[in-house]
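A.B. asks: In case you want the letters, here they are:
2 protein chains.
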Amino acid sequence: MANKMKQINIGLLGAGTVGGGVILVLNQNRDLITERVGAEIQIKKVLARHPEKVRALDASLPTTDKIEDIVNDPDISIVVELMGREHPALEYMEAALRGGKNVVTANKDVVATHGKELFELAAAHHVDFLFEAAVAGGIPIIRPLKESLAANRISKIMGIINGTTNYMLTKMTQEHMDFAEVLKEAQDKGYAESDPTADVGGFDAARKIAILASIAFNSRVGLDDVYVEGIDKISSRDIEYADELGYVIKLLGIAKQKEGKGVSARVHPTMLRKDHPLATVNDVFNAVYVEGQPVGEAMFFGRGAGRMPTASAVCGDIIESTRNILAGCTGRVGCTCYEAKPMLPPEEIISPCYIRMLVEDQPGVWATIASAFGENKVSLKTVVQKRSLGTLAEIVVITYGVSEFALRKAADALSKLAVVARICNIIRVEDSTLE
Amino acid sequence: MANKMKQINIGLLGAGTVGGGVILVLNQNRDLITERVGAEIQIKKVLARHPEKVRALDASLPTTDKIEDIVNDPDISIVVELMGREHPALEYMEAALRGGKNVVTANKDVVATHGKELFELAAAHHVDFLFEAAVAGGIPIIRPLKESLAANRISKIMGIINGTTNYMLTKMTQEHMDFAEVLKEAQDKGYAESDPTADVGGFDAARKIAILASIAFNSRVGLDDVYVEGIDKISSRDIEYADELGYVIKLLGIAKQKEGKGVSARVHPTMLRKDHPLATVNDVFNAVYVEGQPVGEAMFFGRGAGRMPTASAVCGDIIESTRNILAGCTGRVGCTCYEAKPMLPPEEIISPCYIRMLVEDQPGVWATIASAFGENKVSLKTVVQKRSLGTLAEIVVITYGVSEFALRKAADALSKLAVVARICNIIRVEDSTLE
Ligand SMILES: NC(=O)c1ccc[n+]([C@@H]2O[C@H](COP(=O)([O-])OP(=O)(O)OC[C@H]3O[C@@H](n4cnc5c(N)ncnc54)[C@H](OP(=O)(O)O)[C@@H]3O)[C@@H](O)[C@H]2O)c1
Ligand SMILES: NC(=O)c1ccc[n+]([C@@H]2O[C@H](COP(=O)([O-])OP(=O)(O)OC[C@H]3O[C@@H](n4cnc5c(N)ncnc54)[C@H](OP(=O)(O)O)[C@@H]3O)[C@@H](O)[C@H]2O)c1
Numbered sequence: 001m002a003n004k005m006k007q008i009n010i011g012l013l014g015a016g017t018v019g020g021g022v023i024l025v026l027n028q029n030r031d032l033i034t035e036r037v038g039a040e041i042q043i044k045k046v047l048a049r050h051p052e053k054v055r056a057l058d059a060s061l062p063t064t065d066k067i068e069d070i071v072n073d074p075d076i077s078i079v080v081e082l083m084g085r086e087h088p089a090l091e092y093m094e095a096a097l098r099g100g101k102n103v104v105t106a107n108k109d110v111v112a113t114h115g116k117e118l119f120e121l122a123a124a125h126h127v128d129f130l131f132e133a134a135v136a137g138g139i140p141i142i143r144p145l146k147e148s149l150a151a152n153r154i155s156k157i158m159g160i161i162n163g164t165t166n167y168m169l170t171k172m173t174q175e176h177m178d179f180a181e182v183l184k185e186a187q188d189k190g191y192a193e194s195d196p197t198a199d200v201g202g203f204d205a206a207r208k209i210a211i212l213a214s215i216a217f218n219s220r221v222g223l224d225d226v227y228v229e230g231i232d233k234i235s236s237r238d239i240e241y242a243d244e245l246g247y248v249i250k251l252l253g254i255a256k257q258k259e260g261k262g263v264s265a266r267v268h269p270t271m272l273r274k275d276h277p278l279a280t281v282n283d284v285f286n287a288v289y290v291e292g293q294p295v296g297e298a299m300f301f302g303r304g305a306g307r308m309p310t311a312s313a314v315c316g317d318i319i320e321s322t323r324n325i326l327a328g329c330t331g332r333v334g335c336t337c338y339e340a341k342p343m344l345p346p347e348e349i350i351s352p353c354y355i356r357m358l359v360e361d362q363p364g365v366w367a368t369i370a371s372a373f374g375e376n377k378v379s380l381k382t383v384v385q386k387r388s389l390g391t392l393a394e395i396v397v398i399t400y401g402v403s404e405f406a407l408r409k410a411a412d413a414l415s416k417l418a419v420v421a422r423i424c425n426i427i428r429v430e431d432s433t434l435e
Numbered sequence: 001m002a003n004k005m006k007q008i009n010i011g012l013l014g015a016g017t018v019g020g021g022v023i024l025v026l027n028q029n030r031d032l033i034t035e036r037v038g039a040e041i042q043i044k045k046v047l048a049r050h051p052e053k054v055r056a057l058d059a060s061l062p063t064t065d066k067i068e069d070i071v072n073d074p075d076i077s078i079v080v081e082l083m084g085r086e087h088p089a090l091e092y093m094e095a096a097l098r099g100g101k102n103v104v105t106a107n108k109d110v111v112a113t114h115g116k117e118l119f120e121l122a123a124a125h126h127v128d129f130l131f132e133a134a135v136a137g138g139i140p141i142i143r144p145l146k147e148s149l150a151a152n153r154i155s156k157i158m159g160i161i162n163g164t165t166n167y168m169l170t171k172m173t174q175e176h177m178d179f180a181e182v183l184k185e186a187q188d189k190g191y192a193e194s195d196p197t198a199d200v201g202g203f204d205a206a207r208k209i210a211i212l213a214s215i216a217f218n219s220r221v222g223l224d225d226v227y228v229e230g231i232d233k234i235s236s237r238d239i240e241y242a243d244e245l246g247y248v249i250k251l252l253g254i255a256k257q258k259e260g261k262g263v264s265a266r267v268h269p270t271m272l273r274k275d276h277p278l279a280t281v282n283d284v285f286n287a288v289y290v291e292g293q294p295v296g297e298a299m300f301f302g303r304g305a306g307r308m309p310t311a312s313a314v315c316g317d318i319i320e321s322t323r324n325i326l327a328g329c330t331g332r333v334g335c336t337c338y339e340a341k342p343m344l345p346p347e348e349i350i351s352p353c354y355i356r357m358l359v360e361d362q363p364g365v366w367a368t369i370a371s372a373f374g375e376n377k378v379s380l381k382t383v384v385q386k387r388s389l390g391t392l393a394e395i396v397v398i399t400y401g402v403s404e405f406a407l408r409k410a411a412d413a414l415s416k417l418a419v420v421a422r423i424c425n426i427i428r429v430e431d432s433t434l435e
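Protein sequence lines correspond, in order, to chains A and B. Every letter in the first sequence is one number past the one before it in full-length UniProt numbering, and letter 188, counting from 1, is 188. Every letter in the second sequence is one number past the one before it in full-length UniProt numbering, and letter 12, counting from 1, is 12.
Calculated from the structure, these hints are not laboratory results. Bear in mind that the values here come from a model prediction, so they are computed numbers and not experimental data. It is possible that part of the hints are untrue.
In silico contact screen, one side only, chain A against chain B (beta carbon under 7 Å); selected entries [stated by the list, open to error]: (1) L61; (2) P62; (3) P144; (4) R332.
Even glycine gets a Cβ: it sits at the ideal position worked out from N, Cα and C.
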């Protein structure tokens, strides 16, 4: 029977964390995958700079250090790119697509910046270009958005799409640790890189929300279109206030589409109501929350990174492409980002805000502050005064929905007031009851 | 351009709650769907007993009361069955498949009992048989399981897959209402039927877990294979104890596969650790949680019923089939339930348990009870004694993992003890730390 079974050959570019995982999964679950798919999926060649690493995972796998050995091999029908970085990954994928090969990748950098070219090449050659693993690791989200939810007009997509920062914020919330302390712990545990900028600064999440927004809104949201703010300014005081006011602080990627108002995309620490489905997504877990018509609300939860979960998504794409090859319909679902929708300028994004500041602890200060907000057309929902620090008092306000533009004007006016010693932090709030 | 656009014609069987929703969605999101799919999807005929109901939704839609007008119409390529009930829905779908038409349905009764026949017919005619809406309404779960997670060896699938009972248990937990009271409220709000047996008794959830288990384990889990227990015996006392011990009570469908030990499937009220992702799924929301290798944990959350969410899933399937028609690959992903795996007898299912009982409030009673457990090889993790009722005391124990068989023996032995007045309730616990 094995003899008559069709075989689909793969060329694997890179066998590091994720590529190694793919080798393991295709071996460990071989029988199961063969039965489910009706064909044998075989890695035919691995592009590797250190063949000994590949041999350590599976001694039977042939390696090569020449991309031509893979993209020119007529027996290989799927090229799986797991090298990372923009170059030469982009050029290798282009060569593969031009050679009529289906391409599977986990490379969010390339997809976020060169998705359009790659999709066009794939369409021209009637092949698949699949990248489920590029966003939220093992969580099925790209295919559900493009297929299961394809009848929906999506208005909002919002996600915890960086595990490192979610781990850090969870620790800060549950164990009252401070930012520096928890960053060190995350680095020690291997959850954060020695240079943590991409994670902590929100740039990794920005790539992913750009990809999600592009698919959800059938547009082309580039990295430059995403407003980005990291978590480094979040202090344990903010987390305590959030808790008291019924919120948790999460680093969210948020993309919205308002009819006639364009698309917005941003990444920043966000105060989220405790009863929101994303609020209980803790530790390194990721989740993507979607609002659309007719589905209403939906959420997808799981592990956003790591060798095996990410390999799950890559292998899911390999299986998808294999099924398309067997049914003669590769390229079946192509690019759905056919529009160039206008982006809402960040200044026009409206959301409620949390503002923590230090003010003179003296009579009349409230009136002064309230009128500064009022003059700048910022309405206040909640005001909290708790802590006294000598002659200063710490106060916190939650505003109703306010544009970034109006907020900056108000903050500017406030900081010029004699009674305001310092604006300590401003955090956006995601709370539909305040919009 | 609209003239040159290809058109795919649908025959709709039944335009009630969900069918009406499909009519609305295909109209409201027409432009968007046409662009995403590259073809126009048009309802060509509606099978209806009350054509005036169809006209009220869309006056332009032709209706018929003869199934032949649809299954014999060569222009119709997708038949969408939304009549409900087993007959004649089954016969109509069979006729459609025999006529070479793709079939989309939301009918869990038919899928759970006649899935095999329908899949075989679909395979013989190289057409699609899709039923995303049959489980968990708008939540994408069938396609993610069959496609995105296709490389996984699934060990556990566990879901809150009945909205009515989840609403009831949420009210009982958050507002301390009693079962009878909350059932009446759910009926008044239209969340529960006047005859609530299918929901409250767990039978609706049983159909859905049978379908999920079949797909997850590539086997054929029938309705008769599912052990079923409803929520009618859950009292507010149990909910309070659960809370105190760190659990919430949910009606779960649970299906597990242990290598070499077969498959098990059951529906019953379950104590779930508060930190489990399913524990915060409240009100009418549904969610399906999956454990597998390599993905680890994943969860899918959303609305499990209702006109629009269910129509989202049905229209997702219609789009899937349309894309397959356009690419010439209908039947691309067929039945994946190719094995007949042995079912583990319910007596052999092992899980920790919660037991609440009334005992004589006198010295030595603990020793007597503990030894009755011990003699029946049931180990206790937690013992709580709180309430005194005259000469009686209410005690609660949580056991470590115990087989249903051993549990029944122990319960039998306990109830024969003179010091035990009554065993009030036994609830299974889902807690991986106790297994
Ligand atoms: N790790 C995750 O959890 C995760 C999650 C989601 C997505 N991703 C994405 O998956 C991709 C791979 O990530 P990773 O974590 O597996 O990275 P990695 O561990 O650094 O693996 C990359 C592998 O590619 C090889 N490679 C790089 N450039 C090469 C070249 N020019 N020729 C031949 N081999 C080359 C490297 O070889 P050497 O060993 O010789 O350096 C290494 O084995 C990235 O795009 C990443 O963003 C990763
Ligand atoms: N409602 C939900 O939230 C939901 C969620 C998931 C799945 N589902 C499934 O979706 C299916 C439809 O449910 P529903 O809630 O839409 O039911 P429904 O509101 O009762 O609608 C059924 C429709 O089918 C029509 N019909 C029934 N038998 C017919 C026949 N022999 N010939 C012509 N028309 C016939 C009925 O016509 P009349 O008006 O003349 O009676 C009615 O309009 C069921 O399988 C259900 O299990 C429903």
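A.B. asks: Any of the earlier hints contradicted here, and which numbers?
C.D. replies: The structure breaks hints 1 and 2; every other hint is satisfied.
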